[in-house]
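Student: Once you have looked at the hints, place chain B on chain A.
Read off the chains here:
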Amino acid sequence: MTPTLVTAAIATPHIDWAGLSPFIALAAGSIVVLLVGIVLGAGGARHATPLLSLVTLGATIGLAIWQLGERAELLAGAMALDELTVTLILVLAAAGVAAVLLSWRSRAAGSAGHAEYYALLLLSVLGMAVLVAADNLVTLFVGFELLSIPLYALCAAEIRREGSLESGLKYLIVGSVGSATLLYGLALVYGATGSTDFGGIAEALRDASVRDDVLLLTGMGLTLVGLAFKASVAPFHQWTPDVYEGAPTPVTAFMAVATKAAAFGVLLRLFDVGLVNAQTTWAPAIAALATITILVGNVGALGQTSLKRMLAWSGVAQAGYLLCGVLVGTQLGAKAMVFYLAVYLAMNIAAFAVVIARERAAELGDDIAAVAGLGRTQPLLAWPLTVAMLALAGIPATAGFIGKLYLIDALVDGGWAWVAIVLVVGSMISLGYYLRVVAAVWWGEPADRAEALAATPAGAPPVMAGGSQEADALGRPQPEVVLVAWLATAIVVVFGIVPGPLFELAGRAGSALTGIF
Amino acid sequence: MTLSILIWLPLVAGLLAAIWGGKAAPKLYALGALATLAIAISFVARFDAGHDGLQFVTDEAWISQLGVSYHLGMDGLNVVLVLLTAFVFAAAALMANLRRWERPGLFYFHLALGETAVLGAFLAQDLILFVAFFDLMLIPFYFLTGIWGSGDRAARVRATQKLVIYTMVGSLLMLAAAIATGVLAASQHDTELTFSFAALRELPLAEGTQQWIFLCFAAAFLVKMPAFPLHGWLRDGYGAMPLPALAAFSGVLSKVAAYGFLRIALPIFPDASVHFQELLLLIAVASILYGSVMAFSQGSARLVVAYSSVAQMGFITLGIFALNEDGAQGALLQMVNHGVVTAPLFFIVGLLAARAGSEQLRDMGGLAFRAPVLATLFLIVALATLAMPGSGNFVGELLILLGAFKAKVVFAFVASIGVALASVYMLRAFIKAMHGRVNPGADSREVTFGDLVALVPAVAVILALALYPQFGLERTETSAKQAVAAVQQQTGQLAAAAHQPSQEQTP
Numbered sequence: 038m039t040p041t042l043v044t045a046a047i048a049t050p051h052i053d054w055a056g057l058s059p060f061i062a063l064a065a066g067s068i069v070v071l072l073v074g075i076v077l078g079a080g081g082a083r084h085a086t087p088l089l090s091l092v093t094l095g096a097t098i099g100l101a102i103w104q105l106g107e108r109a110e111l112l113a114g115a116m117a118l119d120e121l122t123v124t125l126i127l128v129l130a131a132a133g134v135a136a137v138l139l140s141w142r143s144r145a146a147g148s149a150g151h152a153e154y155y156a157l158l159l160l161s162v163l164g165m166a167v168l169v170a171a172d173n174l175v176t177l178f179v180g181f182e183l184l185s186i187p188l189y190a191l192c193a194a195e196i197r198r199e200g201s202l203e204s205g206l207k208y209l210i211v212g213s214v215g216s217a218t219l220l221y222g223l224a225l226v227y228g229a230t231g232s233t234d235f236g237g238i239a240e241a242l243r244d245a246s247v248r249d250d251v252l253l254l255t256g257m258g259l260t261l262v263g264l265a266f267k268a269s270v271a272p273f274h275q276w277t278p279d280v281y282e283g284a285p286t287p288v289t290a291f292m293a294v295a296t297k298a299a300a301f302g303v304l305l306r307l308f309d310v311g312l313v314n315a316q317t318t319w320a321p322a323i324a325a326l327a328t329i330t331i332l333v334g335n336v337g338a339l340g341q342t343s344l345k346r347m348l349a350w351s352g353v354a355q356a357g358y359l360l361c362g363v364l365v366g367t368q369l370g371a372k373a374m375v376f377y378l379a380v381y382l383a384m385n386i387a388a389f390a391v392v393i394a395r396e397r398a399a400e401l402g403d404d405i406a407a408v409a410g411l412g413r414t415q416p417l418l419a420w421p422l423t424v425a426m427l428a429l430a431g432i433p434a435t436a437g438f439i440g441k442l443y444l445i446d447a448l449v450d451g452g453w454a455w456v457a458i459v460l461v462v463g464s465m466i467s468l469g470y471y472l473r474v475v476a477a478v479w480w481g482e483p484a485d486r487a488e489a490l491a492a493t494p495a496g497a498p499p500v501m502a503g504g505s506q507e508a509d510a511l512g513r514p515q516p517e518v519v520l521v522a523w524l525a526t527a528i529v530v531v532f533g534i535v536p537g538p539l540f541e542l543a544g545r546a547g548s549a550l551t552g553i554f
Numbered sequence: 002m003t004l005s006i007l008i009w010l011p012l013v014a015g016l017l018a019a020i021w022g023g024k025a026a027p028k029l030y031a032l033g034a035l036a037t038l039a040i041a042i043s044f045v046a047r048f049d050a051g052h053d054g055l056q057f058v059t060d061e062a063w064i065s066q067l068g069v070s071y072h073l074g075m076d077g078l079n080v081v082l083v084l085l086t087a088f089v090f091a092a093a094a095l096m097a098n099l100r101r102w103e104r105p106g107l108f109y110f111h112l113a114l115g116e117t118a119v120l121g122a123f124l125a126q127d128l129i130l131f132v133a134f135f136d137l138m139l140i141p142f143y144f145l146t147g148i149w150g151s152g153d154r155a156a157r158v159r160a161t162q163k164l165v166i167y168t169m170v171g172s173l174l175m176l177a178a179a180i181a182t183g184v185l186a187a188s189q190h191d192t193e194l195t196f197s198f199a200a201l202r203e204l205p206l207a208e209g210t211q212q213w214i215f216l217c218f219a220a221a222f223l224v225k226m227p228a229f230p231l232h233g234w235l236r237d238g239y240g241a242m243p244l245p246a247l248a249a250f251s252g253v254l255s256k257v258a259a260y261g262f263l264r265i266a267l268p269i270f271p272d273a274s275v276h277f278q279e280l281l282l283l284i285a286v287a288s289i290l291y292g293s294v295m296a297f298s299q300g301s302a303r304l305v306v307a308y309s310s311v312a313q314m315g316f317i318t319l320g321i322f323a324l325n326e327d328g329a330q331g332a333l334l335q336m337v338n339h340g341v342v343t344a345p346l347f348f349i350v351g352l353l354a355a356r357a358g359s360e361q362l363r364d365m366g367g368l369a370f371r372a373p374v375l376a377t378l379f380l381i382v383a384l385a386t387l388a389m390p391g392s393g394n395f396v397g398e399l400l401i402l403l404g405a406f407k408a409k410v411v412f413a414f415v416a417s418i419g420v421a422l423a424s425v426y427m428l429r430a431f432i433k434a435m436h437g438r439v440n441p442g443a444d445s446r447e448v449t450f451g452d453l454v455a456l457v458p459a460v461a462v463i464l465a466l467a468l469y470p471q472f473g474l475e476r477t478e479t480s481a482k483q484a485v486a487a488v489q490q491q492t493g494q495l496a497a498a499a500h501q502p503s504q505e506q507t508p
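Chains A and B, in that order, are what the protein sequence lines are.
Offset between the first sequence (1-based) and the numbering used here: plus 37.
Offset between the second sequence (1-based) and the numbering used here: plus 1.
Simulated from the structure, these hints should not be mistaken for lab results.
A hint or two may mislead.
These stretches of chain A come out as covered by chain B in the derived footprint (C-beta under 8 Å, 3 or more residues) [said to hold, decoys possible]:
#1 435-445
#2 530-541
Computed from the model, here is a short list of chain B residues facing chain A with C-beta under 7 Å [what the hints assert, rightly or not]:
#3 ILE64
#4 VAL165
#5 VAL184
Only a predicted model underlies this, so the values are computations on that prediction, with no experimental measurement involved.
Positions of the beta carbon are idealized from the N, C-alpha and C atoms, including for glycine.
So here's chain A without its partners, still in its complex pose (with noise of 0.2 Å):
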């Protein structure tokens, strides 16, 4: 068989190169940063290998930017390139630059091996990036195994903690779960439409005959509670807590805002471009599940101790307002979701960064006692903890209050006021566990140190080792997690006084919906 027999035989797609280049450097990145893992061993790894995620993650935000304004089909329509594929992209990269700082002199990064952690890292990304850019339901279902599967490592990473590995074998399971019950949904919507590409399913459910269809219907709820698993939406949150508290912090930090992140992503583009026609079938769901999502979340965090355990209460809370975006099915929904996702990671990132500073410096642990009276012994770390807990209740002169604002606006104007309502409660019911974190922070007595020691449950490590290692004596904090910490909570006021640069960013991201109005 001659060369040019063989091209023919092959119809290779056209291969847009520079709409791939965010992705190609994600996956190059993290081959790099394994690869010199091994060439530099674990002493010459600590610092290099986060240093070149750093660039390989700013390089993805670079290329991601260069490729803003571009909409191209990508791979023979297995991803769409579009401007709410590269803002989510761009989210993403943030959150994944905040993961990397805050791993820096972590222990998980030490005992999982620093070359293989921060290269899970990449790939999780990359998988989330691929994920957002889904416009198939099979490359949705590989960007889905190739988040998940980084982030059930990650989650063990700690291994000698039993906690680290109990969080990652129960994210394992759960999420396993998840994967199946998504994957037999997307095959049961591929059986009733006939296609795996968004847009044939959005032509073949303009058909009223295959909008009734049971199969239909049972493959959208399948694949809706698939996805509901990852994004942690009531009553698939049960994992949540225990998850984000076993998991090492940093990754907890890393799970809770760019899985979220990358779930609403693929919720808001399948559910709003490829299952479109149907919205009046899964509108109503939805609702439900916002509704649900909201009330548990809130609820569930009132009664917590500990930080992250509130954190993954209030994140459930969170993917309640999130739904609301992808519910109303119009583009000012998916502006404004995409508006509240970048707030999102923002006020989170500002929070966790705090706990990750008190745990390596306190006995306590993330204890809400870890933050007490913190106000008066290190207002470098009180302040982003307050505007962030300020922004997550929606307090105006922070990016929460006009992300809510967006949201309930999108709501109201698409005809669903009383899930506006829903979510005012429920902001009201978040008040009561936000400001206790506050109220701890500013008025609270710092703990002694023997009390602290003697409240220690015991089993739990005796003193975080990272902590004792790195931290000086008098519990100064790492200068990186500092800077992250008062970069997230910039970003929190200055976009809470001048919404607008963020505004045309999500307004550009919504508009990429060209099928809803």
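Tutor: Same frame as chain A, now just chain B:
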């Protein structure tokens, strides 16, 4: 010079105070507050009372995608209230300067943030901007109460929790309602999304929609006042707040709520305002009676004043929901009077507590013995509070009752009992504190020069308002008419009947 300077100057001073910290902080914020007062006076001086409509307008796009604008303006409704705010905060700053606060930078920063938020809420001409400032007001007072409040930690935690939960429940409902107002007005009239007050007045909502939206706004405002069934946070909240903050809170923050009724509820939801008139009047009368009775039975001087303001806010609500011009003007005048009176009252409570060792009336007694100046000042303020004929409060209450009699006689009749009750509780507090047997634990001593600097201007303003109530009345007249114009169209006959006698000039 734009209104933005007026709004943001206190915050700048507060930020400087926070950065400098230490000894400079009190002086920095006091200077900032006095400068703000000076600017406010200059605006009032340049305010043209004959001109109807907004003056000194600033209108910039803030969130253009949502039709939200940074729209500020001054008219008859807010002109005196802005002056009141600047004055009360300046007085509070002087009051706070007299003692040392732990972490002074942070303390004055929060006080300054509060001033900025209140001024912003008064001057905002955009519904979302108003809601943002209204919600923001709460935050600094939350911190002030939590960090520098009186009482033990548990009391402060309870106070802050109640304060925030009550007020935020109202505020968040108001947020949803505000967005719904804009979005539904735009969709019902098929226009561009806008939240400007002036535009929303032209786009009335359907009556059913107005009703639930009105109730959400009313909840926010009534909690903030506070009014009778929604006052649950008052005892703990007022009990724990540090006195300078409390003077500002009771003096002006409660007025923002009453102002909200006049600015938003009446003109934008006229159908609903008429529909719920009797409910609101009932709440007003209940607040007057409940506040008076509670003020009479309190053992703590601070709580006497606190509950008396529930009664006073009841009068103001009564005036507003008389839904006529007399009532509205009386309410506006009374807002100013009450603000000017409460600030020195709380200051005096602080002075009394410093002499008696506690804020309990039973620990006081005979304090007038060696402090005639203090006793005189207290007496003037007390007489003004109980609306002694000749005081500004008398004019305010008279106008309110006049308006109420024209609207709903029964409510006005019951409410006028409250006037008598006011003298009972105020004189009881005065006598118990100042006269009678000298309490052995109490130390009667005269006020210092520093105290006088903070106290005398307030008393001077009370006397000035008593002599010249026209100062407020002539500036508010046009706007008060406008504020009730929409509801009077709805009430129709009631307005026509009510209008005739109001041609006769009232004091």
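Student: Taking the closest Cβ pair, is ILE64 of chain B under 7 Å from chain A?
Tutor: ILE64 of chain B check passes; min Cβ-Cβ to chain A is 6 Å, inside 7 Å.
Student: Does the CB of VAL184 of chain B sit less than 7 Å away from some CB of chain A?
Tutor: 4 Å, holds
Student: With 7 Å as the cut and Cβ atoms as the points, is VAL165 of chain B at the interface with chain A?
Tutor: Check passed: Cβ of VAL165 of chain B comes within 6 Å of chain A, closer than 7 Å.
Student: Verify this for me: three or more residues of the stretch 435-445 of chain A with a beta carbon less than 8 Å from a beta carbon of chain B.
Tutor: Since 6 is at least three, the answer is holds.
Student: Are there at least three residues in the stretch 530-541 of chain A whose beta carbon sits under 8 Å from a beta carbon of chain B?
Tutor: holds (count 3)
Every hint, counting from the list given before, is met by this structure.
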